[in-house]
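A.B. asks: Chains as they are written, first to last, in the working numbering: chain A, 1230 to 1811; chain B, 2 to 141.
Derived from the structure by calculation, the hints contain no laboratory data.
Hints are supplied without guarantee of correctness; some may be wrong.
Said to hold, decoys possible - Listed next, the in silico DSSO-like pairs over lysine-lysine satisfying Cα-Cα at most 27 Å (straight line):
id, chain 1, residue 1, chain 2, residue 2
1, A, 1329, B, 60
2, A, 1263, A, 1646
3, A, 1536, A, 1583
4, A, 1583, A, 1494
5, B, 83, A, 1329
6, B, 28, B, 83
Claimed, not checked - Some residues of chain A that are not near chain B, with every Cβ distance over 10 Å (derived):
id, residue
7, 1366
8, 1498
9, 1522
10, 1583
11, 1630
12, 1649
13, 1712
14, 1769
15, 1780
16, 1784
As the list claims (entries may be wrong) - Chain A is faced by these chain B residues, among others (derived, beta-carbon under 10 Å):
id, residue
17, 3
18, 25
19, 48
20, 53
21, 64
22, 116
23, 117
24, 118
25, 120
26, 122
27, 130
C-beta atoms are modelled at their ideal positions from N, C-alpha and C, and glycine is treated no differently.
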Amino acid sequence: MYFFKRISTFALVCFTIGIQAQIITVIENDKNEKRTISLTDKQIVDINCSLEIQLSKLQLLDAIHQQFPELKQHIELESQLIKLQQALRNQSAVISILEKQLATASEQATFFEIMDGFLSDIQNDPLLNERYNDLMTDFFNPETFVPGTVPEPYIFSNLNNDMLQIEQELASMETEKYTISLLAFKRDASGGDRVHIQNYDTYTNRDYVTIARWVTSLSSDQKQQLEALNDIAKQNNLKKINVFNELKIRLLNEFKSISCIKEFKNNSIEFVNNIQLNELVPTEVKNKIEQLNLLISRFETLFQLLKTDMEQWQINLLFDIKNEVETIISHLKTIDTNFSDVTTLINQTRLKTKFMPLVSEFNTCYATINKDFETIKQGAALLFNLQNNYIANKAIGTEVLAFSLDNLPDTGYINLKGTGQRKNGDELLIELVLRLPATNENTPEQVITMEQREFIMQLTGPRSEVAIGLIFANPINKQDLNLQSDRNFFYTPSAALLLKFGSNTSYFYNDFLDFGIGINFATPDFNTDGTPEFGTGIIATAFKDIISTGINYNVTLDSFYWFFGVNLPFNLPGIPINNIKN
Amino acid sequence: MNLKRTTLIPLDDALLAESIFKSFIEKEMMLIMVIIGDTDTIREAIPKADNLAQLSYFKMERWVLWVRSYDVLSETLKKHLKASNAEKSNEDYNNIKCLCFSPILDQVDGIILKNAELSYANLQQSFFKAQANDAPFVNI
């Protein structure tokens, strides 16, 4: 019973996925072979392919209709407009063929094909069907019908007028206008980057990079460069986190200057309340100092809030803190202005000398706080900049075009080669978003994701890889070689040129099995004379080259040996650390 | 009903019915639409089909034959349906209410089933499907 329930649920989920309306259709174009990637397929695309992205406006309208019932009238009109546009998309070809005295067989075939599509579109929509019937009835009105004429020009002309009328109606509607954008992002270990979609944004492509399919060697320069880059990347990653942590610690633990403002506040209250001076302090000054103290209290609250938020601060949420820091700095400026006003007022009284210690205290305190906040602001600038880039990539830039439904392009194109450096396993994200204008002046526009597709980029089909590793070689006819050593297995460095296949239907194969077969070259030293021998043969690898096995021929000693290799990606006592480098 | 390009096939004389049908089929460059049955919806559709038969595309004439009973011409029409590769040609004859003969090869196409509407769009599409069938054989 339990399994029956599980199977029923699974079948229901599969059915739901199967019938789920799909707005975005993605077609992979790899070496002129097209493949439509449906939602039920494995979402894997070739790392060097180009993608054709088709949008179904009618499905999009349905989705908007369901999510935003308040836009019903607007959407119904747009839906009608789109259906008309779709039905009339080839009208000029029809008219052009009809105008010909003698249409060729091929032109006639085109005419009938277009008309078949047009009439199907008409019948698929009850409103259009009704309208077509009315127009045909009008056309055949005995008083106006001219024998020898055909109805198509009349029908098209009226439907075009209907379209104009709908457009005018839409323009005059007061409901808020929404726009639609299509976005694409690349996600990899270093974060992400925006991806250009032709027809949908004006971004330029990144560096044009084709991921090499047939790799036969790794030059020492490339290797060094790769290692150097790897080190730099590691250092930068550490540095970024270090700077972030330092900033956090500085504000949370070392930012002591805040205490001076509290002391100043207490001293100023004491100054005002001083019985001896009380009568001498003009009410105007008292009020001003009171106002100043209120500002300081507000500052303290803001600071406490910042401190609390800082404790929960994550490196990916820099902007929240940035805004708070900026608010505090601007608040500090207000405090300074107010204090200047107080000083000016005091200077006009006999209390000038009595007030001087407070002036001095405030100036020192203000300078310290200001300096600390400026340091924080400058120190964080680097991180803010990094965050800016990330946000700019994920956020909708001005380069992303906003469309209304009637001018939304049907098709867009992504050339993955134009997305810069990438590697197997990186992700491509395509998002269709609805953008609603801000309800208030200072708030950002609302962005609602209508549909999202995620793909894994993989070098699919055959490819070659170079693998280096340590193998355990076992001579097959050990007795014939008269070896001095009694050992059965000899550690031997080896290099292999492997043929591998990337799958576009299995994550499990790409991420785990990853079989390889190829030629192996090794330099064993069976006779332990200190001079390596040369061996070559065939090798098979599995699990991302973690295990390998094969058979080689020792050219120097004229003998065969079989071998296996274990190249664990971590250190295990007894087994040399020996990660294969591709 | 003032029908200009529609012929009613007689119900009481099978030979005459066959003869009329044959005479129309043998006409060159003419599309023949056969509408079968005599229901209210058919009666509403006949004037529309008759109107459409007044149209001519690429010099092909049109005509409508109204077969008011499924018993009349059934064997002949079934034979034509069997010879056709058109969509829905394998449907049960009694489930079909409209079909067209192409103007040159007399191939059946544009089949409309009983559950479909006989609208202007549907009838026009039926004529076009039949004519499209012979478009490659137009000698231009």
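A.B. asks: Would you pick out the hints that fail for this structure and give their numbers low to high?
C.D. replies: Result: hints 3, 5, 7, 18, 21 and 22 break, sorted rising.
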